[in-house]
Amino acid sequence: MGVFGFENILLLVGFLSILAGCYCLIRTFHILKIAIGIEVAMKAVTLFLALAGYVNGKIDLTQTFIITSIVIEVVVTVVSAGIAINLYHKYGSMDIRNLRKLKG
Amino acid sequence: MEVIVYISLGLMLVFAVMAVMLHSITKSAIALAAASVALGIVLYELGSVWAALFEISVCSGLVTVVMISAVSLSHERKTELQKVYNDKKRMSFLPVILIVGGLVLAGVAIWSKFTLPGAGETAAGSSFREILWNQRQADIWGQMIVIVAGSAAVSIMFKERD
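Protein chains in written order, with the numbering used here: chain A, 848 to 951; chain B, -4 to 157.
Please note that the accuracy of each hint is not assured.
[Said to hold, decoys possible] With a straight-line Cα cutoff of 27 angstroms, these simulated BS3-like cross-link-like pairs (lysine-lysine) come out:
1) B:K154 / A:K950
2) B:K22 / A:K937
3) A:K948 / B:K108
4) A:K937 / A:K948
5) B:K154 / A:K937
6) B:K108 / B:K22
7) A:K950 / A:K937
8) A:K905 / B:K154
Source of the hints: derived by calculation from the structure; they are not laboratory data.
Start from the sequences, fold in the hints, and give me the full structure.
What follows is the structure in structure tokens.
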């Protein structure tokens, strides 16, 4: 197992997915696209957790963490979809810059 | 096993990049679902069977349904979307950034001779079920609280206003 071993390739793909997700978060103003960016980054987190379990031999423990992260991921997506729909009904677009116009 | 993992990883990265770069939200959501399926295959091959099941059913299924529902409840036209967000131009640098990032990371790994420890022995004793229900009960309570908080937030957001 060298530098380009099985685990390192998994790590590399995970880091690239996080890079893609963060780039999406930085560059877009569409709230659903932002939710997609968060999802892409969370996929990498799931991959890292599974890799940690595989390396340590404690795959059953890391599976519980993965399930917790999946639940949180889904709730974040559902709430952001709700915000997106409300934003659309109020301003006619899903641009997050409209959130600045809200009171409070 | 490794060949399947490599193919799935490649597909996962390609679909993730497509989800970020595609202009249409519906197509992005479908690409995200495909990335979830690819990740589910990787998880299955790594031995996380339950996590793979959740990834494919929840992330690939439920999240896509939520995204497409949100799109269907709004009616932003494609041309207007392109004009306002200019996503095609904004996202066009992503492949270059990923290639440069990948090369930098590979260079750092070669320079530092980075290696993870090899796959360890599978810990004997507690099964997934025992760990989830006996050792990680706090996680389950946390999950329930997050789900209740999320559903309360959504129900408040969709409350009928006079």
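- Message: Check whether the Cα positions of B:K22 and A:K937 lie no farther apart than 27 angstroms.
- Response: With a Cα-Cα distance of about 25 angstroms, the restraint between B:K22 and A:K937 holds, given a limit of 27 angstroms.
- Query: Taken at face value, is the distance from the CA of B:K108 to the CA of A:K948 at most 27 angstroms?
  - Reply: 51 angstroms, violated
- Task: Take a quick look at whether B:K154 and A:K950 sit within 27 angstroms of each other, Cα to Cα.
- Result: Holds. B:K154 to A:K950 sits at ~19 angstroms (cutoff 27 angstroms).
- Query: B:K108 and B:K22: Cα distance at most 27 angstroms?
  - Reply: 40 angstroms, violated
- For the pair supplied as a hint, A:K937 and A:K948, confirm whether the alpha-carbon distance does not exceed 27 angstroms. With Cα atoms ~11 angstroms apart, A:K937 and A:K948 stay inside 27 angstroms; holds.
- Take the C-alpha atoms of B:K154 and A:K937, compute the straight-line distance between them, and say whether it is at most 27 angstroms. Distance of about 14 angstroms is within 27 angstroms: holds.
- Query: If you draw a straight line from the CA of A:K905 to the CA of B:K154, is it 27 angstroms or shorter?
  - Reply: 44 angstroms, violated
- Message: Hinted pair, alpha-carbon criterion (27 angstroms max): A:K950, A:K937. Please report holds or violated.
- Response: Measuring from Cα to Cα gives roughly 13 angstroms; hence the hint holds.
Going through the hint list in order, the structure does not satisfy hints 3, 6 and 8.
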